[in-house]
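K.L.:
Sequence:
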Amino acid sequence: MKLSCLACRQPTSANYSYYCETCYIPTSLYSNQTYLGREIAYCPECNLQLSNDRNSCDKCNFSPSPSKPPKFTDVEISTKKLITDIIDRNIHFFNDTRMILEFLDLLGLSELNDEDKCLTLISLAKEKMHFLSEEYNLNEAAILLGLSHNINSSNHNYWVDYNMKLQISILYIREGYALKSIPILLEIFNNAKQASSLDQLRKLELLAYIALAHSSGGNFTLSKEIISSVHEQTLQMFQNMEETIFDIINHKNNEQNSNANVLHINEYPRVDYIFSILIIILETSIIQNSPNLTIISQDTLGHLMEIDNLIFILGEFSNKNNPLYFFQYFRDYVRIFNGLFWYGDLLLNNDQSSRIYLIENYYQRVKQWSSFTPIHNILLLRPARFLDIFIRTSAFLNIDYNELYQIYIDKSPIDIIPQWGYIVADALSKNNNFDKAMEELNKLTDPQNKSQKYIDEEFRIIITNLKNSILLTSLGLFDKFTVSSSIFEVSPIYITLEDNTELIFNSTDMSYQLATYFENLFNKYNISKYISKIDSIPINKLDLSNQIIILNVNLSEGSISFLFELLYNNDDITQPKILNNQLYYLKGVSSKYEFTSLEIQKLFIKILTKSDFTKNHVSVSLIQK
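With the first letter of the sequence shown counted as 1, position 163 gets the number 163 in the working numbering; the numbers rise by one all the way through.
Some clues are possibly wrong.
[To be verified] Okay, derived cross-link-like pairs now, DSSO-like style, lysine-lysine, Cα gap no bigger than 27 Å in a straight line:
| # | residue 1 | residue 2 |
| --- | --- | --- |
| 1 | 606 | 592 |
| 2 | 367 | 443 |
| 3 | 533 | 592 |
| 4 | 367 | 436 |
| 5 | 126 | 203 |
| 6 | 467 | 453 |
| 7 | 529 | 411 |
| 8 | 606 | 467 |
| 9 | 411 | 367 |
| 10 | 467 | 602 |
If you're looking for bench data, these hints aren't it; they were derived computationally from the structure.
Could you build all of it, start to finish, from the sequences and the hints given here?
P.N.:
Right under this line is the structure:
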């Protein structure tokens with residue numbers, strides 16, 4: 001059984017097993033008490049593989065604890081060996097001294113001392129590991145961390161060592177090897193300073209990551225024990241800051257205090273660290289979500305409310321002269337909220353008041369941060385997603401997406417305005433507001449539009465593709481549609497019609513990804529032939545659970561046939577906004593000629609809109625009853 005995203009239900013990829021590449025949130029790793037992750041845990045006492053619940057060893061009754069967790073292999077692996085995994089992956093790069101020097105020079109780091117080189121490389125790696133960063137690239141992050149390790153290997157600087165090992169641990173978690181990170185995190189934790197309140201926050205952050213790693217590795221009971229303690233201590237430390245926080249906000253001194261934030265960082269209430277810890281706690285809660293994937297757990301909803309409060313405070317603290325100082329925290333806030341709220345049916349069974357509160361507050365926070373954040377940074381947040389959320393909920397919540405849209409238009413230079421037009425059109429189309437979406441796109445392509453000269457050919461193609469997609473959807477045809485299963489598991493597929501016509505359908509690497517409703521396939525076309533065989537098996541001997549239809553189109557350049565399969569099981573649909581038990585999806589194409597995806601789209605638009613063409617050129621083949 002594959003892991004799938006809590007929100008979009010898409011299966012995770014092999015490269016990033018524990019995070020969704022579409023929604024950027026962690027995946028839920030347990031189903032019916034069965035751990036679905038890739039990692040195997042062993043008893044640290046007798047090396048027996050632990051059962052799925054991982055609460056105790058069946059042989060020696062050992063119970064894992066925070067200080068002595070399960071092992072991920074039956075051999076103890078040193079922290080040094082774990083870190084060199086990063087280097088081994090990029091061994092050719094690290095063995096070439098000339099390449100390293102050129103690389104450092106290219107980054108402008110060659111004149112810095114070793115400590116500053118390392119800390120800068122770590123900072124760059126951290127940015128490349130953020131899902132909403134335009135620099136997102138885990139492999140490049142690994143190179144930067146490995147290089148930092150090489151430079152620091154003879155110096156052993158405390159802060160370099162601390163930050164480098166922390167980021168390597170996070171990298172392991174992202175890549176689906178969470179248990180590998182635990183020895184590193186424990187080593188950092190045991191050696192960490194604890195003299196000041198800031199040191200205490202850092203140690204709580206490390207514990208939170210340890211809990212996250214245990215959750216990702218399937219050690220839920222242990223993770224819950226750790227995270228409960230971290231949460232309690234973090235909230236207590238936040239309470240100790242509340243009086244100062246209230247004073248800053250109440251007296252409107254945030255600009256002055258934000259300057260102090262830079263100059264006297266240790267004297268400033270570290271809401272940023274509180275936020276970072278609670279984000280990790282929230283991610284851990286998402287992983288441990290209830291088995292019912294249509295409901296977000298109450299714990300998760302509670303943590304969402306906590307970070308909502310904190311991002312408001314950080315927005316109030318933000319200095320207008322340095323608007324990006326806290327921006328990384330707002331990115332994480334948007335990442336989580338977009339991930340969990342982007343699909344409309346996800347929270348239908350949750351407490352309505354919590355849902356309304358969170359979405360309304362999300363709107364206010366986006367407005368708050370948009371007022372002072374540079375427009376180019378807002379563009380990196382995938383704003384079509386939160387605009388989609390706000391458009392969808394504006395009918396029953398006090399939300400006006402046009403107000404937000406106008407903020408972006410007013411802040412944008414003329415060369416950026418076309419991008420916002422496209423983003424709003426995209427969000428409108430996802431809410432089936434096709435007319436308004438087309439209006440926005442037509443404005444972009446209007447020759448009288450002053451922004452025309454800023455729309456290059458590549459952007460025009462993107463606009464055209466969205467127009468085609470909107471037109472298809474308005475006609476009941478859906479592109480970029482996939483299913484997780486099919487009765488056809490091999491390619492090519494051989495279909496024989498009653499007149500002995502043989503069609504060969506290629507379903508390998510299908511790029512068309514189309515689906516349509518029942519009535520669109522039957523109501524307009526004549527049934528010309530019946531299917532008699534599928535892969536040499538007569539229909540009457542084939543246990544066929546899903547009905548199939550062949551759409552035949554005769555063109556001047558030759559004929560083309562489309563094999564559609566009826567999907568009965570809604571659970572197999574990985575595009576959750578489209579749920580209909582009479583939905584057919586395109587499984588294969590048969591033609592002697594090459595057709596691009598765009599040509600296929602245009603052909604179906606013609607089929608569905610031109611009745612004369614349909615009457616003269618289109619027919620349907622189906623199973624003989």
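K.L.:
A separate judgement is required for each hint: does it hold in the structure or not?
P.N.:
Hints and how they fare:
1. 606 <-> 592: holds, 21 Å
2. 367 <-> 443: Answer holds: residue 367 to residue 443 is near 25 Å, not above 27 Å.
3. 533 <-> 592: holds, 21 Å
4. 367 <-> 436: At roughly 23 Å apart (the allowed maximum being 27 Å), residue 436 and residue 367 satisfy the hint.
5. 126 <-> 203: Holds. Residue 126 to residue 203 sits at ~19 Å (cutoff 27 Å).
6. 467 <-> 453: OK: residue 467 and residue 453 at ~20 Å, within 27 Å.
7. 529 <-> 411: violated, 60 Å
8. 606 <-> 467: Given that 27 Å is the threshold and the Cα spacing comes to 14 Å, the pair holds.
9. 411 <-> 367: holds, 13 Å
10. 467 <-> 602: holds, 11 Å
Figure legend: structure checked against the earlier numbered hints; the only hint not met is number 7.
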